[in-house]
Structures are given as C-alpha cells and as structure tokens.
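*Asks:* What follows is the residue order along each chain.
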Amino acid sequence: MGCGMGKSRIQPNKCDRVSISVPAATAIRAALLIQRWYRQYVARLEMRRRCTWNIFQSIEYAGEQDQIKLYHFFGFLMDHFTPASSERNLISHIFRENEVCRDADWERYFCYKDIEVPHSYCGPHLTFPMTFCGVSKLMEAFKLKQQLHARYVLQILGETWRLLRILPNINHVSVCHTKEITICGDLHGQLEDLLLIFYKNGLPSCEKPYVFNGDFVDRGKNSLEILLILFGFLLVYPNEVHLNRGNHEDHIVNLRYGFTKEVLGKYRVHGKKILKLLQKIFSWLPLATVINHKVLVVHGGISDSTDLDTVARMDRHRYVSVLRPPKVIRPTLNGNRAGSGKDEDASGPAEGRRRRVRSLTNTSAPGQRNNIPRRSLHNLPTGGAQLNCSVEDELKERRRLAGFDQTYREVKTLDSDSDPEFGEPTETHGHEWKQIVDLLWSDPMPQNGCFSNEVRGGGCYWGPDVTEEVLGKHNLQLLIRSHECKQDGYEFCHNRRVLTIFSASNYYEVGSNRGAYIRMGPDLVPHFIQYQASRTCRELTLRQSVGWTERSALRALRQQLFVHKSDLVGAFQEFDPNNTGVISLRHWATATERVLKLGLPWRVLRPQLINRAQHGMVDYQQWIRELSITEPKPEVSDTSIMETMYKNHSNLETIFRIIDTDHSGLISFEEFRQTWKLLSSHLKMEISDKVITDLAQSMDFNKDGSIDINEFMEAFRLADLSTHS
Amino acid sequence: MAEDIESEENENILVIHRKITAAFEPFDYESKNTVDVREIGTIMYSLDCFPTQADIREFIAEVEENSSGTVHLDRFMPAMTKVLLENKFPPIPRSKIFQAFKVLDKEQKGFLEPEELTKFMMEEGEPFTQEEMDEMLTAHTNRKENVIYYDKLINKLTADAPK
Numbered sequence: 001m002g003c004g005m006g007k008s009r010i011q012p013n014k015c016d017r018v019s020i021s022v023p024a025a026t027a028i029r030a031a032l033l034i035q036r037w038y039r040q041y042v043a044r045l046e047m048r049r050r051c052t053w054n055i056f057q058s059i060e061y062a063g064e065q066d067q068i069k070l071y072h073f074f075g076f077l078m079d080h081f082t083p084a085s086s087e088r089n090l091i092s093h094i095f096r097e098n099e100v101c102r103d104a105d106w107e108r109y110f111c112y113k114d115i116e117v118p119h120s121y122c123g124p125h126l127t128f129p130m131t132f133c134g135v136s137k138l139m140e141a142f143k144l145k146q147q148l149h150a151r152y153v154l155q156i157l158g159e160t161w162r163l164l165r166i167l168p169n170i171n172h173v174s175v176c177h178t179k180e181i182t183i184c185g186d187l188h189g190q191l192e193d194l195l196l197i198f199y200k201n202g203l204p205s206c207e208k209p210y211v212f213n214g215d216f217v218d219r220g221k222n223s224l225e226i227l228l229i230l231f232g233f234l235l236v237y238p239n240e241v242h243l244n245r246g247n248h249e250d251h252i253v254n255l256r257y258g259f260t261k262e263v264l265g266k267y268r269v270h271g272k273k274i275l276k277l278l279q280k281i282f283s284w285l286p287l288a289t290v291i292n293h294k295v296l297v298v299h300g301g302i303s304d305s306t307d308l309d310t311v312a313r314m315d316r317h318r319y320v321s322v323l324r325p326p327k328v329i330r331p332t333l334n335g336n337r338a339g340s341g342k343d344e345d346a347s348g349p350a351e352g353r354r355r356r357v358r359s360l361t362n363t364s365a366p367g368q369r370n371n372i373p374r375r376s377l378h379n380l381p382t383g384g385a386q387l388n389c390s391v392e393d394e395l396k397e398r399r400r401l402a403g404f405d406q407t408y409r410e411v412k413t414l415d416s417d418s419d420p421e422f423g424e425p426t427e428t429h430g431h432e433w434k435q436i437v438d439l440l441w442s443d444p445m446p447q448n449g450c451f452s453n454e455v456r457g458g459g460c461y462w463g464p465d466v467t468e469e470v471l472g473k474h475n476l477q478l479l480i481r482s483h484e485c486k487q488d489g490y491e492f493c494h495n496r497r498v499l500t501i502f503s504a505s506n507y508y509e510v511g512s513n514r515g516a517y518i519r520m521g522p523d524l525v526p527h528f529i530q531y532q533a534s535r536t537c538r539e540l541t542l543r544q545s546v547g548w549t550e551r552s553a554l555r556a557l558r559q560q561l562f563v564h565k566s567d568l569v570g571a572f573q574e575f576d577p578n579n580t581g582v583i584s585l586r587h588w589a590t591a592t593e594r595v596l597k598l599g600l601p602w603r604v605l606r607p608q609l610i611n612r613a614q615h616g617m618v619d620y621q622q623w624i625r626e627l628s629i630t631e632p633k634p635e636v637s638d639t640s641i642m643e644t645m646y647k648n649h650s651n652l653e654t655i656f657r658i659i660d661t662d663h664s665g666l667i668s669f670e671e672f673r674q675t676w677k678l679l680s681s682h683l684k685m686e687i688s689d690k691v692i693t694d695l696a697q698s699m700d701f702n703k704d705g706s707i708d709i710n711e712f713m714e715a716f717r718l719a720d721l722s723t724h725s
Numbered sequence: 726m727a728e729d730i731e732s733e734e735n736e737n738i739l740v741i742h743r744k745i746t747a748a749f750e751p752f753d754y755e756s757k758n759t760v761d762v763r764e765i766g767t768i769m770y771s772l773d774c775f776p777t778q779a780d781i782r783e784f785i786a787e788v789e790e791n792s793s794g795t796v797h798l799d800r801f802m803p804a805m806t807k808v809l810l811e812n813k814f815p816p817i818p819r820s821k822i823f824q825a826f827k828v829l830d831k832e833q834k835g836f837l838e839p840e841e842l843t844k845f846m847m848e849e850g851e852p853f854t855q856e857e858m859d860e861m862l863t864a865h866t867n868r869k870e871n872v873i874y875y876d877k878l879i880n881k882l883t884a885d886a887p888k
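Each protein sequence line maps, in turn, to chains A and B.
If you count by the numbering used here, then the first sequence holds residues 1 to 725, one letter each, in order.
If you count by the numbering used here, then the second sequence holds residues 726 to 888, one letter each, in order.
Treat the hints with caution; some may be incorrect.
[Claimed, not checked] Which bits of chain A does chain B cover? Going by a derived footprint, with three or more residues having C-beta under 8 angstroms, they are:
| no. | segment |
| --- | --- |
| 1 | 31–42 |
| 2 | 597–611 |
[Said to hold, decoys possible] Now the in silico label distances, taken between C-beta atoms and shown as ranges:
| no. | chain 1 | residue 1 | chain 2 | residue 2 | range |
| --- | --- | --- | --- | --- | --- |
| 3 | B | 743 | A | 576 | 16 to 22 angstroms |
| 4 | A | 573 | B | 761 | 39 to 45 angstroms |
| 5 | A | 578 | B | 731 | 26 to 32 angstroms |
| 6 | A | 524 | B | 735 | 56 to 62 angstroms |
| 7 | B | 863 | A | 688 | 54 to 60 angstroms |
[Claimed, not checked] So these bits of chain A aren't anywhere near chain B, every CB distance computed over 10 angstroms:
| no. | residue |
| --- | --- |
| 8 | 292 |
| 9 | 621 |
| 10 | 666 |
Quick caveat, the hints were computed from the structure, so don't treat them as lab data.
For every residue, glycine included, the Cβ atom is placed at its ideal position computed from N, Cα and C.
Starting from the given sequences, assemble the full structure and let the hints guide the process.
*Replies:* Dropping the structure here:
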C-alpha cells in the first residue's frame, strides 16, 4: 500500500487516508465479523452449486437410461414378434446395420463423384489428399458459419473410413521431450470449445500430437463440424492425431441426442447417406490409446473383466451400436425360432447375461444416501430362457397394443440382407461386446467393487480396487477417461490413479463448468489448462454463475415435476388418506422421490420448489398448479395423452426418427399412428385410436397429410414461465 | 404440562436430528456415515451457523476420529445437536455487519476501495486466502468505479440469508 497505486480519482491524497488509524482491536473485530459472515455465504453457495449439479446430472442420466430402455424394448419386439411385414419393418431396419454386403458395394453407395457442386456454392472447396491448408480452410469456413458441401463431406468421410479401417483397436503413442501430447475429453458438438483449445494450445501437427477421447457429437449444434475438423486433422497427421470412440459415437444414441437431427437438418438430400457412412466410421473408431505403455486413455473406463488383450484382438467394427449385446440363436417358448443371426444387435440370454427385473420403487429408506449409484431401473426381461407362461399373455398384450398381427408365424431364418462376413454371433462376441460397453460407458465410484451401471443403463461402476487390479495387470500407471462432466473440467479419483478430463465448458448451462485439456510430457505428469467458452462467462466468477445455473436446473426440475403430475398427485394422496389436501414436507419428499426416482436431496431443494409451507405441511394440489409451466397452445380433448407426450418427449422423437426411414423429416399419418402404438406398447398403456386421431387433427398437417417431426416436437415442448427466479 | 413440554422438546430434537442428517448426507460420498474433516465448516454453515474458523477448529477437535481426517456421524450428531440447541453460532444481524464495514470505512464514504478491503481481509482477524479475496473482489466490486459499495453487498448477501 502506498501512494500512487490507486486508480481512484475520488480521493487525491490517498496516502493520508491510509495512515488514519483505527483502534486495532475494533478493526480486528470488524474484520472477523465480516470474514465469518462472508464465508458462511460462500459455503451456502457451494451447497447450492452441488445441488444444482446433482439435478442436472440426475436428469441427464435418467435420460440415458430412458434411451436404453426404449432400445431394449425394440429389441424385445424384434425377438418376440413375428414379422407382420410393414409394422415390424418400421423398426427392424435399425437392427439391420449391414444392408449391403461388401465394402466394395458400400464404396459405390457412398460415392460422392456424381454429386455436383453448383456455382452458387460459396463454402470452402477441398482438394484431396487432404492437406493442412485444406483443414485450415475448413476451420475458417466454420468460424464464418459456412456449411461444407455434401460432396466434400462424403469425400472426407470416405477417406476417413478408409484410414480408420487400417488402424488397430488400441493406438500406441510415444511421448518425448520435443513432443508433448495433448489430451481432450468430451466436446459434444461445442465447436467454440474446440476452437478455443486450438487457439490456446496450437493446432495438431507433427510436433503437436493430440488424443481426442470420444463424445465428439450430440447435444451441441456443431457436431458435424467438429467431426469434419477432427477427421481432417486425422487425415493430414495420421500418426499424431488419435481418436477414441465414445458412447455417443453410436447411431442409436444419436437418434435421441441431436446428432441425427443436426445432420438431417443441414443436409436434406444427402443426410441419410452421410449418417450411414458415419455409422461405419463410428464402428471403426479405435477404442483406446496407450501412451508410453503407461497411460491408458479410454472414454468411459474399465470393469473388473477388462482385458486389453481381448480388446486388442477383436473385430471392433462388428459392434456398430453398443447398446445391446449380439444375439445368439435360441428357441422361444413355442419352439419357434424367433429370428436368428441376421439381427446383429439383438439380445440373448447367452453366457448367463441375464438381466433381473428390478422393482420400480427405490428400496432405500427416505432421507438416505443419495450418493450410492442408484439402482432403481426396471430392466425388461430379454432372455428367452426367462420367459414363463404368464409372459405369454404379456406378449399377446404387447402385440395387441403395438397393433401387430395376432398370429405367430415362422420367421424366415436369414435375410438376404445379412452380412456373410460376420456369420453367426457366438459367446465370444458377447464377451467382446461387454468389453466395449465397459470401456465406453463405465463410471468410477468411491467404494471398492464392480457392478452394473443401472443409472445410465450401460457399463459398470468400478472401484479403486478394480483400478489397481487392471492397471497392475497391464503394467500401467494412470487411467485417463472422460464421460462425466466436471465442475473444473477435470478431476482425480482413486488415489490419483484415475483422471477424468472433460472439454465441453458450460455443458449443463452457461456458467455451469469449465472445460479442460491435459498436456503431458515424457514424465507422464498431467498438466491442466482450463477455460470457459463464453464472453459473458469469463467475467463472472464461478460462484456468481451458480445463481444462473441454479435457476436453469430448477427450471429443468420443475419440468420433470410437471410431466409427472398425475403420478405425483397419486403418490401424495397415498399419504393423505383423509383427503385433507395437505401432507407433511417429509411425505412430500418421500413421494416425490418415489415418482421421479432421481435420487435428489428433496429436503434441501424444498425451499426452492415450495413457496408456501405452513407448519411443515404443504397443499400439494396448489403446489402442482403453481409449478408455473405453461402448456403449449394445441389443446387436445384427452389431457392424459398430453402428459404422456411431455413425459415421453424424447422417446417419441426417437421413435419418429426411427420410423422416418428415408430421413425426410416427415411422416405420414399412418406412421404417426404406428409411433403411438409402439410407444403405448413400450409404456404398457392403452391409447385409443380416437385419441390419436384427435391428436393428429389438432396438428396443422401439411396439405399432403404428412407431419413434420420437428414442428410436432416443438409444438409440444414445455415452456417454463416462472417468474420467481 | 411437564409432559407436553418434554414431548415438544423431543419433537424439537427429532427435527434437529433430521436436519443434521440431511446436511451431513451430501458429503458422505462413500455412504459410510463419514465425511472429510474439511467439509465440517461447510456443513455447519449450511445449518445456518456462523462459526469463526477458530470455532470450527475447536469443534473438529471434538469430533474427529483421532486425526484420521474423517468425522463420523455418531460423533457429529450429538455435538452438532448441542450447538443447534444452544444456538451457539447465531446468524449475524444485518446491522452488525453494516457497523463492521463502517468501522473499516473510516471516512464514511459509503464504499471501500479494493486495496482497503484487501488489507483488512487478508491481514486482520482470520485472514482470507488469496483465492477467497479474489473471489470476493471479482464478485462485488463495482466495475465502473472500482469500489465496493458495502450496503449493496450486504443487501445482496442477506437476501439469500436463512429465514
């Protein structure tokens, strides 16, 4: 402190001011008071931040679980319903991932040569083989929000596919003094983050190797641009750029999380072809990278059965989607053969992969731990060996709801569509499949042990003992993984033997988290660089942005509460046998968790969610009314279907996109009806034809009687207009 | 009468126990009813207590599992219950905080310069770390004039305060 330091022009003689003394004791007391008071404020902010985080994460994982449930449901249909031609074909195509037999045929299908680039095109022109200039041009164009012509997209993708096919399952990389390596985590379509990383760290080159650890796509709106840039660099520097597959490099996941929609939106004519080629590319992405034989980099993590030798040996491209294990032939209850090896991604009971049906209710007592990986998933039975007589009836019911034929018929054993290269799936494939799922979907947990990750629906939770075991087995010293968003962009666990790196900043909401990347030299000590891609964000402290993020999380949570209205009221009424209209806050918390199953600390959240609680009691009907969610305009006579629609927004959209086989974005009324039939079967609900027709009529159909999927989904998106935030 | 009072007290204690458990849980990462000792301060704050750092240290000394760095709920619960029943670390009234700032604001300007505040916060009492100081300054300094209007600051922070 001294003269001349101050920027203030208010007090000219700053020196004098400072030298005026305050009785020391008073000053100390004052300072103490302020410090105490301020620290309390900061601690409460931290609590709120953690809570907000939990909200976002729970909702995110519940969504993933939902997706897997839906996919399993389709598998169930495929396994147990004989083809009634058109209906089954609505969805069967998603299981037929190798429609044309040989690579040569595929090359013809993907050929870009006939695609003309018109003179009016003002985006970048690319020449091949790809050069550094080409990729730079691409990046500049994307910064200017230009779009690459479909011809060039297919060309890049084609070249990438050819290159990936000769890469091994596990990349081995060496780092030396002149060549530090950079490791990036999830990007999720957030182009600003990738550009920020390149800006801060430099572009990939012979001297600057990079590892990108999966999840390049979905959620953000520039997934395709990110892929094209990464593939571009891969083509130019194949020895220095390494891409690992993430769980979102999976076409089934993409149906739900936005990548499919993005591609089809940007490329109306060639989108379908691009998506198909990407399917292949994703299946050919390497599964892991090992640095200096000591550091393993993989997207999700490991399990107690992870064996890198098996991983290195397998045909990774068999597993186009990792969401279901490869099918093994087994007879059904009736002795009919319910399909065969043609459906590569169908499930089976082989090698003891039984999934137990879990009860829907959360078995932990109210107010108990929120931090154990939550196990309240209802798994659909998938194995034929588990079927018993009563399921026969369930099958019939499902078929009826789905509008399928009532009669069983023999299935033709093999399509001419199957890929002869793959032959019949075997037990080995089941084992290999598990290796991949574990690598791409698992999460670490603090306790020892290893068990199924029911929250996400795929992979495992693994403990520090498993880390030691697997790292020890392969003589490794560090596991770097991504897959989970972290407040500071990175986080160690398991005694610093596991490192999570996440590169998508502001992932949940503006200001929710920083992104980070790792620099590593031959000493294999990770150094972190953090960032946050947003002009407004950088000026806020992380704590200031808590308020913003929190409001957003609460909005999302209120939506979840709203869509479960009926179930909530039902649950509340169980605690209100005398119909007084009020229940205690404790019961409110119990009931809410029972319905939403998000594992959130409802008691802590209560003040944010319930305005009026007199004497520890809440008027639940009024509370629900006051959730302040406005319903969108189109009104339908049957309100329960509205609720179904909100609850199953993503499921509906996924089914629509599956049914829309020509990827036109439009479906016919009949397909619309079929979608609802499928959904009602999945949810085991009755939805009458009349209700569906009413619903369709409330929509503004295009003149040719087709429905625009995007428009439909938008029309039924909930808007939260709550003002008290 | 005595019975009523007693049962009301018991009810009160039950409520307190539930509150303490709810505050403890989010930090019990391994579901073993233990938390890291470094979280104790945050837990106490979240229960609407305003201890000084010295108070927190003293409390920890009472409840920590022989310098293991962890605190078990079995010891935390009775100690914390006592704190809450005795209202040992009550919230600071707004007027008192205002007075404290006024003490630091010798000329009664109504605001503090960042350098002034820093000097006090980092040299007196239970000093802030550089990180804490940076955080406070970034969050609450008026950008245009580069000063801290403490009445505004107090208003902002007490708006959030426990009711």
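*Asks:* Look at each hint and say if it fits the structure.
*Replies:* Hints, verified against the model:
Evaluation of the coverage hint for the segment 31–42 of chain A: fulfilled, as 12 residues show C-beta separations to chain B shorter than 8 angstroms, against a requirement of three. Counting residues of the segment 597–611 of chain A whose beta carbon lies closer than 8 angstroms to any beta carbon of chain B gives 3, which meets the minimum of three for the stated coverage. For residue 743 (chain B) paired with residue 576 (chain A), a C-beta distance near 21 angstroms keeps the hint of 16 to 22 angstroms intact. At about 41 angstroms, the CB distance of residue 573 (chain A) to residue 761 (chain B) agrees with the hint of 39 to 45 angstroms.
Separation of residue 578 (chain A) from residue 731 (chain B) is about 28 angstroms and conforms to the stated range, judged on CB atoms against 26 to 32 angstroms. Between residue 524 (chain A) and residue 735 (chain B) the beta carbon distance is about 59 angstroms. The supplied range of 56 to 62 angstroms therefore holds. Separation of residue 863 (chain B) from residue 688 (chain A) is about 59 angstroms and conforms to the stated range, judged on CB atoms against 54 to 60 angstroms. For residue 292 (chain A), the shortest C-beta to C-beta distance to chain B comes to about 32 angstroms, beyond the 10 angstroms cut-off, and the non-interface label holds.
Against chain B, the non-interface label of residue 621 (chain A) holds: every CB pair exceeds 10 angstroms, the least being about 24 angstroms. Every beta carbon of chain B lies more than 10 angstroms from that of residue 666 (chain A), the smallest distance being close to 47 angstroms; the non-interface claim holds.
In the structure shown, no violation is registered for any of the earlier numbered hints.
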